[in-house]
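Trainee: Sequence:
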Amino acid sequence: MEDHVADLTGIAFIMAVAVVFGFVLVRLRQPPIVGYILTGVVLGPTGLGLVENTGSIALLAELGVIMLLFLVGMELSVRVFAKVAGLAAIVAAGQVAVSLAVTTVLGALFGWETSAVIVLAFIVAISSTAIAMQMLEEIGELRRSTGRITVGVLIAQDIAVVPMLIIITSLGGDGDPRVGALKLAIAAILIFAFLRFLGSRPGKLRLPFTERISGRVDMVALASIAFCFGAAALSGLFGLSAAFGAFLAGLLIAGSTLRAEVIAVTHP
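With the numbering used here, letter number 191 in the sequence shown gets 191, and the count goes up by one each step, no holes.
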């Protein structure tokens, strides 16, 4: 019982500090999410070290990111982003190429191994989808042309994670790298087919059991959460980000007849 009280006290304290930091950043005309990040830096192990049970906090943060990407996915349209897919793919590929060039030079100067150079380049080339989308939402750019291109680049980066992980897996590690590479290749094919399916449909998608849960707020909420975390778990099984799976689930809901009801019960 005491452990639970300590966990709840720690979470409440972090939330309170995050609100204060967020309010300060808003007063400075900056996105409040920057204040939330600063809260973690200040209170976490790299700062004052006031947070002891990092496991509970990490789980809470992971759940929050999953729900955030699910909500963002419901606000977007695959058809709209299909128009900027080419540009987004070029920008994402350019980021990877530039990162490889920079890390190769640094690797030559400091004597890094080739595997370390490649892994560092991939890390540098990938942006945080959750943070970027949240900031675009807060500054009102998410649904404008700039926001659509940016989100297109973020989606291209997330898809690019698949070949990146295949390459990293082949560089070494435990187990048979061919198994991991096969899983990631299957994931890439499924993601491509999924996006093509959503983008090519002329009308709204009618999901199974829509008629049974439509109009029932409690069932719509439970079904949405189950679908969100189910997609996140499936994405994790393929070695991808759980949040990316939740984002794809949100995209699917966005293209369905149930979109308005799900948004009504899941948005704060």
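Be a bit skeptical, because a hint or two may be false.
Computed spacing ranges between beta-carbons, pair by pair [claimed, not checked]:
1) I139 x V91: 14 to 22 Å
2) E138 x V265: 17 to 25 Å
3) V41 x L63: 14 to 22 Å
4) E62 x D218: 36 to 44 Å
5) V26 x V91: 27 to 35 Å
6) A226 x R29: 25 to 33 Å
Read the hints as simulated data drawn from the structure, not as lab findings.
All residues carry an ideal CB built from backbone N, CA and C; glycine is no exception.
Trainee: Given the range 17 to 25 Å, decide if the beta-carbon distance of E138 to V265 lies inside it.
Mentor: Holds, since E138 and V265 (Cβ atoms, about 22 Å apart) stay within the stated range.
Trainee: At the C-beta level, are V41 and L63 separated by a distance inside 14 to 22 Å?
Mentor: Holds, since V41 and L63 (Cβ atoms, about 20 Å apart) stay within the stated range.
Trainee: Has the hinted range 14 to 22 Å been met by the Cβ atoms of I139 and V91?
Mentor: holds (20 Å)
Trainee: Do the Cβ positions of E62 and D218 conform to the proposed distance bound of 36 to 44 Å?
Mentor: Check failed, 25 Å falls outside 36 to 44 Å.
Trainee: Just tell me: holds or violated, for the beta carbon distance of A226 and R29 against 25 to 33 Å?
Mentor: violated (39 Å)
Trainee: Using the beta carbons of V26 and V91, state whether their distance is inside 27 to 35 Å or not.
Mentor: At 30 Å between Cβs, range holds.
Checked against the numbered hints above, the structure breaks hints 4 and 6 and satisfies the rest.
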